[in-house]
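*Asks:* Protein chains in written order, with the numbering used here: chain A, 32 to 304; chain B, 416 to 725; chain C, -9 to 240.
No lab work stands behind these hints: they were computed from the structure.
Note that the structure is predicted; figures quoted are calculated from it, not measured.
There is no bait here: all hints are sound.
Beta-carbon label-pair distances, calculated as ranges:
#, chain 1, residue 1, chain 2, residue 2, range
1, B, Pro569, C, Arg110, 54 to 62 Å
2, A, Arg298, C, Ala220, 33 to 41 Å
3, C, Ala220, B, Ser626, 45 to 53 Å
4, B, Arg428, A, Pro294, 36 to 44 Å
5, A, Asp173, C, Ala214, 33 to 41 Å
6, C, Thr(-8), A, Asp173, 41 to 49 Å
7, A, Ala168, C, Thr(-8), 47 to 55 Å
8, C, His8, A, Arg142, 27 to 35 Å
9, B, Leu432, A, Arg94, 19 to 27 Å
10, C, Glu56, A, Gly266, 51 to 59 Å
11, A, Val154, B, Ser626, 53 to 61 Å
12, B, Phe701, C, Arg110, 54 to 62 Å
Some chain A residues well away from chain C (every beta-carbon gap over 10 Å; in silico):
#, residue
13, Arg42
14, Tyr45
15, Glu54
16, Leu63
17, Thr89
18, Arg94
19, Gly121
20, Gln152
21, Gln171
22, Glu205
23, Glu301
Ideal Cβ placement from N, Cα and C applies to all residues, glycine included.
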Amino acid sequence: MSPLLVVENLRVAYPARAGGIIEAVRGVGFTLRRERLGIVCESGSGQSQTGRAVMGLTAPQARVTADRLAFAGIDLARAPPRQRRALRGGRIAMILQDPKYSLDPVMTIGRQIVETLRTHQPVSRAAARRRALDMLAAVQIDDPERVFGLYPHEVSGGMGQRAMIAMMLVAGPELLIADEPTSALDVTVQLEVLNMRERGMGLIFISHDLRLVSSFCDRVLVMYAGRVVEEIASGDLTHARHPYTRGLLECLPRIGDDRHPLPVLDRRPEWAA
Amino acid sequence: MSALPAAPRQGRRAWLLSNSPASRLQARLGRAYMVWLRFSANGLAVAGLAIILLLVLVAIFAGLLAPHSPTLGDLAGARLLPPGTPGYLLGTDDQGRDILSRLIYGSRLTLFVVVLVAVIAAPVGLLVGTVAGYAGGWLDAVLMRITDIFLAFPKLVLALAFAAALGPGIENAVIAIAITSWPPYARIARAETLTVRNSDYIAAVRLVGASPWRIVLRHVMPMCLSSLIVRVTLDMAGIILTAAGLGFLGLGAQPPTPEWGAMIASGRRFILDQWWVATMPGIAIFVVSLGFNLLGDGLRDALDPKEGAQ
Amino acid sequence: MTDALRVDRLGVAFDHFHALRDVSIRVARGESFGLVGESGSGKSTLLRAVVGLAPITSGSIAVDGEVRAGQRRSRAFFRKVQMVFQDPYGSLHPRQTVDRLLLEPLAVHGIDGAEARIRRALDEVGLGPSFRFRYPHQMSGGQRQRVAIARALILEPEILLLDEPTSALDASVQAEVLNLLEQVRRDRGLTFVMVSHDLGVVTHMCERLVTMRHGRVVEMLTAAALATGAVSNAYTQELLRASKGFVRAG
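Extracted from the complex, chain A is given alone in its bound form:
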C-alpha cells in the first residue's frame, strides 16, 4: 500500500528578533502509512513546526523547504494554495494544543461541526446535522443534542476538547495530526474510543510525554534540536539506542521503582549537531 505521507529533508527556518536565523526543523524525514506515529521531543525541538509545515500553517515569515513533502501522492510543496486549503480539514486534520483557540467562540459547537462537514462534502443540512450529532456521541459526550446548541465558552475544557476532536474528524480525514494537545491523556482516550485503526486513518501524535506516546502509537520518532535522533517501534523502546532516548526513558518515575533522586538527563552538545 502506498504511503500516506512522505516527508524528506524538511527544514523550517525563522528570522530571529535579534537578527540571524533560527532553524526550528533541520532535515526531518519520515514515511507514514495508515498507522500511528508518535513524535516525541521537548519544547523547542521544532515538533510543532513539523506538524504545521505538513498542514501548510507555518507563519508567513517562516521559510519551509523539503526534498519531498507528499500526501497521498500530492506534492504539498508545489500544490496551489486552493488545493492545500481543500485538503485541510477534509483529508488532513489537525488537533491543536488548546481547544480554546480552535473553536470559534461566536458560533455554536453544532454549527461549527456542520460547517466543517459541508465545506468538504456535499451533504444536506439535515444529513450534516445528523452526522454531527453522531460524532458528538462518538466522542463520549453524554447529551449531544444539548451540546450541539451550546457555545464553546459554555462547556468545560474537557468537553471543548472532545468537541474539537469531533469537528476535526467529522469529514473523515485520512490523516490526523495531534499537535501537543493539552491533556494529551484525555485525547488518547478519545482517539482510542473512536477506534481510528478501523477507520483506516493515519495519525501523527506530537507530545513530550514519551510514555503516553509509546503506549498509544505504533512507532515513535524522537526529535532533538530539530532533528530526528531515533526512529523505533513502540514495543522496542527498551532497546533504544540513542542516549537521548535512553535518558528520557531513565528519568521517568515508574511505579514500583525506588530511585531517589531520579536520574536526570545529561545533555550532550553532540546530540544537537
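With the hints as your guide, set chains B and C onto chain A.
*Replies:* Showing chains B and C alone in chain A's frame:
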C-alpha cells in the same frame, strides 16, 4: 533549535537584548527596547510619532518659531492677505494676524487640552474599571451603571452641557471633555480585569494574603495599561476635535487665544473668498489627529502582551 | 499529634455543578500525600478549596487543628500553607521580574532582609543570580516552575499543596523538578499534598494516596500497595493498567 550566529552590532544593543538582565534597570530598559524595536518596524507608526514630536517641539519653541505675534495684528495693512504673501507664509486673518504664528501658538493649547484630558480621564477610568471588574457583585453593577449613564450621552452634547454650566474658557472645556471621556476607559479596564482576575498568577498573589486593593493596584492595573494607552492615544484625535468643536461653538478658548477650533469658527465667514483663514487650522487639526491615530495604531502592535513569542 | 490537614465531608459546588461530594482525607504532619484521578475528578478543586479559592457548600477543613469553613483565609494561614500551580506559563505575572515576584510575599507580610532572602530562595531552587531580573517569557517552563516553587517557599510554610506541578513539563525537566521538590521537603520537613494524573509521579513522591472520580474519593491506599498491585477497587485497577507505559494494548 540552533541559531546561526548573528553579529551583535553594538555592546549596548546586546546589553539591552540580553536574556538575563543583571539589575532591575537593565530588565526594564531591555523591555522598553523590545517595545521600541517592534514599534519602529512599522513605518506609519514612526511617522505618527514624528508628527506628535513635531507638535511638542513647536509648542515648546513657539516663541522662537513664530514670526509674528499671535494676538496682535496689523489691522490697517495686513487684513486677509493670501498665503504666500512675503512675511505671512500662511496668510492673515480678518484682524491682520499671521495665521502661521497663530497656529504655532495654538499648538500649545492643543497639547494642553489633550494632555490634561488624558491625565484626568484615563486614571479615573482605569480605577473605576479595575475596581468594578475585580470586586464584582453590587459594586461592579453600581459602577458600571454610572459608567453607562455617562456613555449614554453623545460626547459633544454632554461636553457642551458641562461647558455651558461651567462657563466658557479653556480650563472648563478641558474639564468638560475629561468628564465625558473616562467611560470607555472604564469599560476597557473592566474587560481586561475580568480576563486577568481568574488567572493563576492572581490566585498566587491572593495566596500570599495580599489585600484586594494591593492586588488591583499592583497586579491587575499593570495588565490593563497597554490597552488603555492605545485607546487613549487613539482618542486624542477625538479629544482635539471635541475641543475644536467647543471652541467653534464659542465655549472653549475665548478670543483672542489662537485655539484652532475657534480659528475655524471665526474664519467661517470668509470661507468662499479667503479660504485659508478657516482651512489652515483645519489642516493642522487633521494632521495632528492623523498623527495620533498612526501613533496609537503602532503602539497597539508594539505593546502586544504576547512578548517573546516568535 | 494533630493532622496537618484534615478534610471532613467536604462539598464544593459551582452554581449547580458539584465538583466535590463528601470528600474526607487526613494528612499527617510531615507526610507526602497524593491525589490521583482523571481530569474532572475534582482533585485540583480540593486543593483550591483548602486555600479558599473554591466555594465550600458543606463540610469543613482543618489545618493544624484550626477549622476553616467558608472561603476566608487569614494572612497567618498563608504563612503555613502555600501552593504551586500546574501551569508554569500562567502562574507567574507576565509583567514582573523574578525579583519582584519573590519580593511580593515578603512585602505583604512585612518581612525584612528581602535581599538576602531572595538570593537564598533562588539558590535553593537551583537558579543562579542571573535569573533574578528576568521576565517570565525569558525563561523555560522548568525554570518558571522553579520560580513558582521559590515563591511558595519564601514564606517558609509548613504545608505545600502541589497541583500537578510537573505535568506541563518535559520528561527530563520533570525529573529535575521532582528531585528538587524531594530535596526541599527533606530539608524543611514539609508536608506535601500533591495532585497528579500520573501514577508514576505519585508513587514516586507520595507515601499514601487517594484515587478520585467524579468528585468523590474512590479508594485510599499506600504507594507501596499500589506498586505491588494490591488494589481492591476496580477503578483504581483501571488507572493502574492505563498507566503501564510500554505494554501496548495490542
